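Peer 1: Sequence:
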Amino acid sequence: VLGRVCPYPIVHTKKLMEKLPSGAILKILCDSPVTVEDAIPRYCEKQGYKFESVKLEDKGYWELYIQKT
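Going by the working numbering, the sequence shown opens with residue 3, and the numbers climb by one from there.
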């Protein structure tokens with residue numbers, strides 16, 4: 003979701019998560035601080051998904067890992 007701002011990252015993440023089997027991990031690349039710090043973690047909490055990690059890369063984006071439970 004690089005270069006995109008909410009609500010696109012959430013909509014895209016929801017569509018991908020619906021297709022994944024339980025236990026699968028989705029990796030998202032994101033460069034929007036609001037999405038990383040608020041929108042995605044709140045979505046994961048609401049859905050009961052495990053927010054694996056947030057890692058700031060030298061390239062100016064984060065890698066988000068969401069595990070479907």
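Certain hints may be false.
Below 25 angstroms or equal to it, Euclidean Cα-Cα: the simulated DMTMM-like pairs (lysine to aspartate or glutamate) are [claimed, not checked]:
(1) 52 / 39
(2) 21 / 60
(3) 57 / 33
Pairwise CB distance ranges (calculated) [unchecked claim]:
(4) 53 / 23: 30 to 38 angstroms
(5) 50 / 14: 28 to 36 angstroms
(6) 60 / 24: 28 to 36 angstroms
(7) 21 / 60: 30 to 38 angstroms
In short, the hints are calculated from the structure, not lab data. Just so it is clear, the structure is predicted and the values come from calculations on it, not from any experiment. For every residue, glycine included, the Cβ atom is placed at its ideal position computed from N, Cα and C.
Peer 1: Which of the listed hints are not met by the structure?
Peer 2: 2, 4, 5
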